[in-house]
Amino acid sequence: MVGKMKTSVMDARGKYKRSGLPSARRKWKGIKRHWQLYLLIIAPMAYIVIFKYIPMYGAQIAFRDYSVIKGFTGSEFVGLKHFQSFFQSPNFWLLIKNTLGISLYSLAVGFPAPIILALALNEIKSMKFKKTVQTVTFAPFFISTVVMVSMIIIFLSPRLGFVDYIVRGLGFDSINFMGTPGYFKSIYVFSNVWQGIGYGAVIYLAALAGINPELYEAAKVDGASRLQKIRHVDLPGIAPAAIILLILSVGQIMNIGFEKIYLMQNPLNVSTSEVISTYVYKMGLLGANFSFSSAVDLFNSVINLILLITVNSIAKRISESSLW
Amino acid sequence: MNRVNAIRESVRDRIFLGLIYIFLFCVLAVVIYPLIFILSSSFSSPQAVVSGRVWLWPVDISLMGYKVIFSNPAILTGYINSFIYTVLGVMINIVMTVAIAYPLSKSTFVGRNAIMMILVFTILFSGGLIPTYLTVKAAGILDTRWAMVLPGALAVFQVIVARTFFQSTIPKELGEAAELDGCSDIGFLWRVVLPLSKAILAVLILFYAVGNWNAYFDALIYLKSPELYPLQIILRNILILNSIDASSLVDANQMAARQGLRDLLKFSLIVVATVPILCIYPFVQKFFVQGIMIGSIKG
Numbered sequence: 218m219v220g221k222m223k224t225s226v227m228d229a230r231g232k233y234k235r236s237g238l239p240s241a242r243r244k245w246k247g248i249k250r251h252w253q254l255y256l257l258i259i260a261p262m263a264y265i266v267i268f269k270y271i272p273m274y275g276a277q278i279a280f281r282d283y284s285v286i287k288g289f290t291g292s293e294f295v296g297l298k299h300f301q302s303f304f305q306s307p308n309f310w311l312l313i314k315n316t317l318g319i320s321l322y323s324l325a326v327g328f329p330a331p332i333i334l335a336l337a338l339n340e341i342k343s344m345k346f347k348k349t350v351q352t353v354t355f356a357p358f359f360i361s362t363v364v365m366v367s368m369i370i371i372f373l374s375p376r377l378g379f380v381d382y383i384v385r386g387l388g389f390d391s392i393n394f395m396g397t398p399g400y401f402k403s404i405y406v407f408s409n410v411w412q413g414i415g416y417g418a419v420i421y422l423a424a425l426a427g428i429n430p431e432l433y434e435a436a437k438v439d440g441a442s443r444l445q446k447i448r449h450v451d452l453p454g455i456a457p458a459a460i461i462l463l464i465l466s467v468g469q470i471m472n473i474g475f476e477k478i479y480l481m482q483n484p485l486n487v488s489t490s491e492v493i494s495t496y497v498y499k500m501g502l503l504g505a506n507f508s509f510s511s512a513v514d515l516f517n518s519v520i521n522l523i524l525l526i527t528v529n530s531i532a533k534r535i536s537e538s539s540l541w
Numbered sequence: 164m165n166r167v168n169a170i171r172e173s174v175r176d177r178i179f180l181g182l183i184y185i186f187l188f189c190v191l192a193v194v195i196y197p198l199i200f201i202l203s204s205s206f207s208s209p210q211a212v213v214s215g216r217v218w219l220w221p222v223d224i225s226l227m228g229y230k231v232i233f234s235n236p237a238i239l240t241g242y243i244n245s246f247i248y249t250v251l252g253v254m255i256n257i258v259m260t261v262a263i264a265y266p267l268s269k270s271t272f273v274g275r276n277a278i279m280m281i282l283v284f285t286i287l288f289s290g291g292l293i294p295t296y297l298t299v300k301a302a303g304i305l306d307t308r309w310a311m312v313l314p315g316a317l318a319v320f321q322v323i324v325a326r327t328f329f330q331s332t333i334p335k336e337l338g339e340a341a342e343l344d345g346c347s348d349i350g351f352l353w354r355v356v357l358p359l360s361k362a363i364l365a366v367l368i369l370f371y372a373v374g375n376w377n378a379y380f381d382a383l384i385y386l387k388s389p390e391l392y393p394l395q396i397i398l399r400n401i402l403i404l405n406s407i408d409a410s411s412l413v414d415a416n417q418m419a420a421r422q423g424l425r426d427l428l429k430f431s432l433i434v435v436a437t438v439p440i441l442c443i444y445p446f447v448q449k450f451f452v453q454g455i456m457i458g459s460i461k462g
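Those protein sequences? They're chains A and B, same order as listed. The first sequence runs 218 to 541 under our numbering. The second sequence runs 164 to 462 under our numbering.
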């Protein structure tokens, strides 16, 4: 049916019909005429194959006992051995708990924060002030993870940081923030908000700027208050963008970036800061358990893929916004 | 009666607006204060930093921290390496991104949808850390400069952004006219498309430059030789692992002075590492916003 429709569309374009070439030959002619375009994609496609698809093929070492000499396909096949030992290891539930805990916490705080900033910025009339807030809140985006974590450690350190002065100024004893497992998640999540709120707000501000002005006029005529206007005009206006971003973050829920967590980790807080990605790195590259950590990684990737597909189909059903 | 209502409404709105201003001032202060604190501390004397006398403006202004940084060979090497990786990396990134995004923007390109799917799938699923590491190792580029630029030669997300831009801004008629005039595809890309795509090129250069300059993970897993380390790895060693060769701290023989200098150094290092990339921000802010938007059209 679909194929039929395609041919009829092609036929409708007189040009193709007159030349009377069958589709395969026409395609070949097009490739020959635009051979340079096909030449261009060779290097990028080679990159994709070598650095993306060969590792995907290599992920099969999760089902093998990898040995350097025998390679990806030659190593002995052991089935689900590594998966089993991961599921049965005492770390399994701790890793799942930490990974999910940090992700859900991040989502709960990090998802609404830029929306609130964008809605607030959208209310004020003074362009100068608006611009200043936007410029300043965007700036931390440029700070590298290493510098960001260094700043966190400095600010929270009992000797150098201003946070400790504030804590002591309020009459409390100084707190070893980085060494207390209970604080790790909050430090991680709120520093992320600090760094990402301005960047995140850009997309919502653009969505707000795209709202039809007539809707605001209508709201005014109806005597809507500012809050009602936000509720009934602004929020529906940014909903499609928000849903897309929500799908993306839910799809990444088991996939917390390695970089920041790893740098924030220390022996004192490791009970709440060890997540799947840091565990994979430590077991795999530092401990040289290639197959075992590949199994952990693969388990995680598959869960992520399933999550993303599920959330996307749910979003498709309940609203018009979806990734594909 | 009606009028009273209207006035009451506007009073409530005015209070609401006032709260919004207060909220935004708080956000502004919370974001800007840590930045000022770092900057001011970096220009203060070691004694002032250690004793906690810096809280807003520099105290006993001194350039000690910066002097130490620029006399430390490891930091200088890191700086030069990061510069090399960023420039080389961005060049590769841009060539690769344009080379695949432009053909994919053509509706007549055979296999376009299949290739798009192959690309997008790499966002959804990956082989994982260990197989990637083993592939890089098998490619023979472990512990070379290439390990810093080749494994991240292309970001699929940026390809989608660039493709969307080409599709929406380069009129089809332009390409057809050029073809009639006997202009080759690469000639057209070089002489017509790229000059029309300065905005997107600026965005790509920036995102890639920020990514390359700030990256430490690839260096952490692929590099062993200290002389290849980028600045971020050196920063990590000094700032987070607290390891610095004490003999490189000039003019500091006593324990206390050395500790003070070590602390001051952290602030100066943060500034020195961030300023190069932050400098370009004001010039390209509008492009950045545009780039994020193009990306969001077809995320």
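Hints are computed from structural coordinates only; laboratory data are not their basis. Keep in mind the model is a prediction, meaning the values are calculated, not measured. Beta carbons: idealized from backbone N, C-alpha and C, even for Gly. Any given hint might turn out to be false.
As the list claims (entries may be wrong) - Covered, in the sense of this in silico footprint (three residues per stretch, anywhere, with C-beta under 8 Å from a C-beta of chain B), are these stretches of chain A:
1) 334-341
2) 347-354
3) 427-433
Unchecked claim - No farther apart than 30 Å at their CA atoms in a straight line, the calculated lysine-lysine pairs in the BS3-like style are these:
4) K345/A <-> K361/B
5) K402/A <-> K342/A
6) K300/B <-> K249/A
7) K287/A <-> K499/A
8) K287/A <-> K298/A
9) K244/A <-> K387/B
10) K361/B <-> K348/A
11) K347/A <-> K437/A
12) K249/A <-> K269/B
13) K347/A <-> K335/B
14) K246/A <-> K446/A
15) K361/B <-> K335/B
16) K287/A <-> K300/B
17) K246/A <-> K387/B
18) K246/A <-> K269/B
19) K314/A <-> K437/A
20) K387/B <-> K287/A
21) K335/B <-> K244/A
22) K335/B <-> K298/A
23) K249/A <-> K345/A
24) K387/B <-> K533/A
25) K314/A <-> K298/A
26) K477/A <-> K269/B
27) K300/B <-> K477/A
28) K499/A <-> K269/B
29) K314/A <-> K244/A
30) K300/B <-> K499/A
What the hints assert, rightly or not - Which residues of chain A face chain B? A few of them, derived with a C-beta cut under 8 Å, are:
31) H251
32) F300
33) R443
34) V467
For each hint, the structure was consulted:
no. : hint              : result
1   : 334-341           : holds (count 5)
2   : 347-354           : holds (count 5)
3   : 427-433           : violated (count 0)
4   : K345/A <-> K361/B : holds, 27 Å
5   : K402/A <-> K342/A : violated, 37 Å
6   : K300/B <-> K249/A : violated, 37 Å
7   : K287/A <-> K499/A : holds, 23 Å
8   : K287/A <-> K298/A : holds, 19 Å
9   : K244/A <-> K387/B : violated, 49 Å
10  : K361/B <-> K348/A : holds, 24 Å
11  : K347/A <-> K437/A : holds, 23 Å
12  : K249/A <-> K269/B : holds, 15 Å
13  : K347/A <-> K335/B : violated, 39 Å
14  : K246/A <-> K446/A : violated, 57 Å
15  : K361/B <-> K335/B : holds, 18 Å
16  : K287/A <-> K300/B : holds, 15 Å
17  : K246/A <-> K387/B : violated, 50 Å
18  : K246/A <-> K269/B : holds, 16 Å
19  : K314/A <-> K437/A : violated, 48 Å
20  : K387/B <-> K287/A : holds, 25 Å
21  : K335/B <-> K244/A : holds, 19 Å
22  : K335/B <-> K298/A : violated, 56 Å
23  : K249/A <-> K345/A : violated, 55 Å
24  : K387/B <-> K533/A : violated, 47 Å
25  : K314/A <-> K298/A : holds, 23 Å
26  : K477/A <-> K269/B : violated, 39 Å
27  : K300/B <-> K477/A : holds, 25 Å
28  : K499/A <-> K269/B : violated, 45 Å
29  : K314/A <-> K244/A : violated, 53 Å
30  : K300/B <-> K499/A : holds, 18 Å
31  : H251              : holds, 6 Å
32  : F300              : violated, 14 Å
33  : R443              : holds, 5 Å
34  : V467              : violated, 13 Å
Violation of the numbered hints given earlier is confined to hints 3, 5, 6, 9, 13, 14, 17, 19, 22, 23, 24, 26, 28, 29, 32 and 34; the remaining hints are satisfied by the structure.
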